[in-house]
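Engineer: Sequence:
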Amino acid sequence: GGNGSGNRLDQLSYPQYVFVDRDHSVYVCDGNNHRVMKWMEGAKQGIVVAGGQGKGNGLTQLSYPRGVVVDQLGTVYVADEWNNRIMRWPKGATQGSVIVGGNVLNSFE
Numbered sequence: 001g002g003n004g005s006g007n008r009l010d011q012l013s014y015p016q017y018v019f020v021d022r023d024h025s026v027y028v029c030d031g032n033n034h035r036v037m038k039w040m041e042g043a044k045q046g047i048v049v050a051g052g053q054g055k056g057n058g059l060t061q062l063s064y065p066r067g068v069v070v071d072q073l074g075t076v077y078v079a080d081e082w083n084n085r086i087m088r089w090p091k092g093a094t095q096g097s098v099i100v101g102g103n104v105l106n107s108f109e
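Sequential numbering from 1 applies to the sequence shown in this note's numbering.
No lab work stands behind these hints: they were computed from the structure.
Just so you know, these numbers come straight off a predicted model, no measurement behind them.
One should not assume that every hint holds.
[Said to hold, decoys possible] Listed below are the simulated EDC-like cross-link pairs for lysine to aspartate or glutamate, each with C-alpha atoms no more than 20 Å apart in a straight line:
no.	residue 1	residue 2
1	Lys91	Asp71
2	Lys91	Asp23
3	Lys44	Asp71
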């Protein structure tokens, strides 16, 4: 962040729900970019750790992520609001898996 709203790796768009791990890395739900970003301490740009493939319901996509927690192994857990699901993204994974929900259509789309 800090470089205006946008979808580059040094930008965020409607950031919310922050998690800080014990290494001081900051994880941010980047709502309008449908991704979760990780910012390591001192980094000038972030890393996409979940989503980032546009809005959607595929295993590589999120739709307005609204919560994030990261465990000690670096596994990212995301509340994927518009897809009505909780997803798990192991460290370094290119796609996640649905661990809760995901089988109900959202009435607000």
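Engineer: Each of the hints needs a verdict: does it hold here or not?
Structural biologist: Comparing the hints with the structure gives:
1. A threshold of 20 Å between alpha carbons decides the hint, and for Lys91 with Asp71 the separation of about 10 Å falls inside it, so the pair holds.
2. Proximity of Lys91 to Asp23 is assessed by CA-CA distance (about 15 Å); at most 20 Å being required, the pair is judged to hold.
3. Proximity of Lys44 to Asp71 is assessed by CA-CA distance (about 24 Å); at most 20 Å being required, the pair is judged violated.
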